[in-house]
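Take the two lone chains, each set in its own frame, and fit them into one complex as the hints suggest.
Residue numbers (numbering that gives the first Met the number 0), protein chains in the order written: chain A, 0 to 438; chain B, 0 to 313.
It cannot be assumed that every hint is accurate.
Derived DSSO-like pairs: lysine-lysine, alpha-carbon spacing no greater than 27 Å straight-line [stated by the list, open to error]:
1) Lys317/A <-> Lys20/B
2) Lys20/B <-> Lys412/A
3) Lys282/A <-> Lys209/B
Incomplete in silico selection of chain B near chain A, CB under 8 Å [claimed, not checked]:
4) Ser96
5) His123
6) Gln124
7) Gly139
8) Arg179
9) Thr208
Label-pair restraints from in silico Cβ distances [claimed, not checked]:
10) Gly94/B <-> Gly15/A: 49 to 59 Å
11) Leu183/A <-> Gly94/B: 29 to 39 Å
12) Gly247/A <-> Gly192/B: 56 to 66 Å
13) Leu183/A <-> Gly192/B: 33 to 43 Å
Hints are computed from structural coordinates only; laboratory data are not their basis. Remember, predicted model here, so these are calculated numbers, not experimental data. We put the beta carbon where it would ideally sit given N, CA and C, even for glycine.
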Amino acid sequence: MSETWIRGGTVFGVGGLKKADLVVTEVGAHTPNEGVNPPATAAVIDARGLYVGPAFVDLHTHSRIPGKDGSESPESLSRAAIKGGYGSVVAMANTDPPVDHVAILEQTKKRFDGLPIQVIQGASVTIGRQGERLVDMVALKEHGAVFFSDDGDVIASARVMRRALEYSRDLNVLVAEHAQDSELALGGVMNEGEISYLLGVQGIGEDAESIVVARDLELNRKIRGNLHLMHLSALGSLDLLKYAKASGIPFSSEVTPHHLLISDSELATFDPNYKVNPPLRSKDTRMALRSALREGLIDAVATDHAPHAKHLKERSIKEAPFGLIGLQSAFAATFTAMMQDVSFGEEEEDSIDTVISLIFRTMSIRPREILQKVTQSEMLPNSYVVLDPTLEVSQRESDIASLSKNSPYIDRKMHGQVVSLVLGGKVVLENCELQGEGA
Amino acid sequence: MVSDDNNLQSTTSKDFLAISKLTKRDLQDLVDKALVYQARFKDGERSFKELESHSVVSLFYENSTRTRMSFERATKLLGGEFAYFDIASSSVAKGESIRDTAVVLEALGFSAVVVRHFSEGVPHQVAKWLEIPVLNAGDGCHEHPSQAVGDLVTLAERYGSLDALYGMKVAFVGDVGHSRVARSVSLALSMFGATSIFVGPPEMVPAATKVETFRELDEVVDEVDIAYMLRVQKERLMERETLDVVSYTKRFQLNDARAARMKKEAVIMHPGPMNVGVEVDSTVSKAIDLLAPAQVRNGVFARMSILSKLLGGA
Ligand SMILES: [Zn+2]
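Bound conformation, chain B alone (with noise of 0.2 Å):
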């Protein structure tokens, strides 16, 4: 756990590798910076030059389009050059080692390396392996954090402030224990004084979290302020013997019944991309309350912010 004395310090490492290695501090600096990319974007400013004569080049075993597109347009869009090595589509590189294949990028010379792999611990293990710059853009069930770091913007966007997450209750609602996402953005709500809670079956919401848990989301839905809807694979549903998406969306499903018990100031957060008719009805799938365009807009910022602190000198 980060103490309060750690959390006023900012931390110095080469990556960006988890929410857990963060310190308050650092995250409302990466938030304070993109703030300021969102107010110049908005001012018509397109060409940022932090990352002159940089190229950033993409490492992902498992397909993410949106995950890199973000990242690629951060990239351009602070002015460096982006690259893609794409093993799931890559026949060549199969039966490579992960190792390998990351010294490879090296020597050819890119200035970082965005890492998304299917296991655990990946990014971490690369960054050990390389002196460049290794970014964490999803290790399998554990951390998303520049995902976590766009949904602060967003939040600050709505709120003015991270102050205002202070005593703030949320809900992650669905797959907690195999979402990154989760993982990685109740870890940074809670350095800024918000209390996380899971809701979702025993099959999704493990026993071992310390975390309060609940069964339904009617016990929970008109106490929260933000609803974070995680993403349900219907095949992944499929897979578990105990659970359909029948008995799943009469349970967790936001519908609008439930969309409207909500406080009046609540809202709702989702990771994207949405399965509307699971984990949302098509009605709160179009609410205003719903924050999920922002959180991919501000996504694009997160990662400027992100980039910027790690190659951009500044």
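So that you can see chain A by itself, here it is in the shape it has in the complex (with noise of 0.2 Å):
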């Protein structure tokens, strides 16, 4: 059987930090004995200064298939995740058409086959993602549906939502809300605050997704379904999450890396790369949301990688649709947020420690956690990535592995590069380089 020695790391695990290599197998890893080398057959990574821990997993990606506007493929897709770390995604539902009964997310799923990565398609919660009527979330759940969203839009209706959150808790399957009230939004295009005024570009408060946090929370009061929070951006919206906390009300949360590293003032360039739901918010709210993820209150960073096709982000920005990508970046932009945090100087090494493990606690482990309890989906074993975070990162348009090329990190500054990538047992990326099925 093939072995990847993963050597000289400082790996990641149960009890934190450790200098250690590590053996991957198809079917394992270990720790070798002292003194043991690699035979001469087995591959060997070397991670000499670097750090080793569990693959990330998103649970925020759009995938863009079925779609018909080319702006993704499900190679190029892999190539971005695999890039970025990534060995399991879960695929939004609002694709066109949506993935809303069993049929299409069974043809949905096929086009992911023999992928190296591990794609968890997600269904909406509607049909049609209209917000009316409830997909037979039964009969999606028995052909493996486990994470249920309309995302793009918020489920606006409170009775679909109650109704929905009582589904997740009796299927054991997850109800993911873009809290955003469509009203409140209409018309909007960035953050509405001192930015925003100054551009005369119409805005979204962070009360659209606060009341709609509000209201799911206490909806879940009783029915304690299996309700996750999705690129939380509001800071009504993390002190719901501490009350919530203290309720005893169950949720998960996730922040995406873009609303961590960068606020409403880029949007002063008019670049519509810069034109994402929820909108980049002030520094304030940036900080806010970096405390919430140290101290636990959010759980999960999640991408949200939205690709679009280069004319649709070519339109003013009151034009353009919303999103950009994040999978390929993720780490590097997580990784810089968070040290800008942390002063550095003597202790330099100990705050990247520190931020390295935050790392793998909300890209890796809690989203692992978060799909495995709740929906007992089996996760792709034996997946390693391999990171860098002193290298400094300031990426091409043509180093982006997705279809489009809708980054707002090109030609940004950034620390930490995802270097080498094992899934389930397979060397996938090496020197930043994709390997074999990777490739």
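Right, here's the structure in full:
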């Protein structure tokens, strides 16, 4: 059996970080005994000075499959995920057509067959994502759907949401909410605040999010379904999460790398690549989101990877669609954001250790737990990522593996590079180059 | 915010996009030049040479006959040619991306593009895509910088110098939040030491502004030096479920009675076209303190000054 030795790295495990070698095979992973060297047949990844931990899991990817605009293909999605250090991604159901019944779920899952990454195909909560009639969650669950969301849109009806949460509890599936009151957000392009006022651009206030978060949490007080709150971006939402925790209301939640790293002032360039929903917020909110992630109030970092064909992002900011791509840059963006809060100096190494541990906790461990505990999903086993946190990266458009190039990270100086990735015991990325099935 | 030191410098940009990208020095230079054109025009001169051999094209995604004609007049007075590419009336261009259209205009050999769009930022985007100068003729609710330069010319003419603006109080009345004119003009005036206040209902003056805000025109009408009345589009007013024309005019119309309470030297400005009976009544619309006709006239000299700065090599 083929073995991959990841040698000389600092490995993230149950007891935290420690220097160790790691032997990964298709059936398991272990630390070799002291003094034992890899056999001649083994693949060896040099991880000296680097960090090793479980491959990332993304709870929020827009695969655009099925889709008609050619913004992503299964292969390009896989390459982007691998370059980002991801082994598993949850694919949103707001496709064209949406994944709202068994036949289309089955067809869509087939499109991802044979990829080295695991794509967990989500389903919509309502038929046609129209917000009115619940999909057949029972039948969809029987065919493997565990993640239900109308993402892209809120579930506007409290009655429908209540019912979906009930089913989520009984079926052990997740219902994920894009919390945003559509009336308040109507016509909005960016965060409502000082910057939107200066630019004359119509805003989307944080209250558009927090009032829906409040509603959903209250609905879940009695129902106790598996509520997942997506891409949180409001101070009010964070207060509500604290309150829900104290009240014992169950929920899980995520924040995106872009909400941690960049703020609404970027819109002053009128570059539609910064147009995203929920919008980039003020610096104050960004700092609060970082604290919430550090303190575990928010469980996971999820990318909201949202490819759009180039011509659509060459429109005006009013007309361009919301969304940015994020799989490939998620580690660098999150690491860079979280490092901005720690002071450099003598403790630099400690700070890196702390932030790397946080990254593994929120990008690998918690998302995997959320999927496994709730849905008993079988996750891709024996998958490890090797990270170089010190490397300064500045992405060029030609480095982007996605078919779409709507990245806010192009030419942005960040720190952190995904160096190697082993999925299911196989090396798919080594020294930043795609390998074998990953290529 | 532009610091005082920066304000003394002039900026160099191939484009004319926003007052927020200019310094006090830039504005002063543009106004001075416009006043020279104004004086020469008064002396009967009609043929200036700065734009000879240049051809300027307008790319308007939103109709505005007045602004386009003002740019056209300015270009032609300077000896240049002017062409239209009006998307709003061109079915051919529908569906073509802004970038593709703009690139074609550059390829056709035009010297500069005057862009108006219903979305904020489009002239800024076009400026990044093209090497030739791009002039902002109004982008969504963001800015209308050539209007602001024209208004400064009008005020300089009225008061003899822009220095007179120092310490003045200027009320912008109406839909400030959606007004690119208010945004550009208040920024420009602030560089010369005038203080802006906003007057309007919450539907029109958003809470996010740091500018002092009043909900009744009566509260401030007797203390302002300039009342800048913004155009209220009736259709737009009707779209708002919480406001109607009657309650609006009652609280915010500059009528005869309110105008009589204004300071003796105070002036009234309006970017035009006026909605008589909404933001102003018929008496005010004909008042001699209303600078609106001068604003239109000076808009041409301002645009001559801007075009000649970008293309005239001077
Ligand atoms: Zn969403």
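These are the hints, each one checked on the structure:
Distance check on the hinted pair: Lys317/A and Lys20/B sit about 22 Å apart at the alpha-carbon level, within 27 Å; holds. Our distance criterion of 27 Å between C-alpha atoms is met by Lys20/B and Lys412/A, whose separation comes to about 25 Å. At roughly 17 Å between alpha-carbon atoms, Lys282/A and Lys209/B fall within 27 Å of each other, so this suggested pair holds. Taking 8 Å as the C-beta contact cut-off toward chain A, the hint placing Ser96/B at the interface holds, the least distance being around 5 Å.
Proximity of His123/B to chain A holds as hinted, the smallest CB-CB distance being about 5 Å (cut-off 8 Å). Taken as an interface hint, Gln124/B checks out: its beta carbon lies about 6 Å from the nearest beta carbon of chain A, inside 8 Å. Here the hint on Gly139/B is kept, as its CB sits about 6 Å from the closest CB of chain A, short of 8 Å. Checking Arg179/B against chain A: minimum C-beta separation of about 6 Å stays under 8 Å; hint holds.
A least Cβ separation of about 5 Å between Thr208/B and chain A falls short of the 8 Å threshold, and the interface hint therefore holds. Taking the beta carbon of each, Gly94/B and Gly15/A are about 57 Å apart, inside 49 to 59 Å as hinted. Checked against the hint of 29 to 39 Å, the pair Leu183/A and Gly94/B passes, with Cβ atoms roughly 31 Å apart. Our hint of 56 to 66 Å for Gly247/A and Gly192/B holds, since their Cβ atoms are close to 59 Å apart.
Checked against the given bound of 33 to 43 Å, the beta carbons of Leu183/A and Gly192/B, roughly 38 Å apart, stay inside it.
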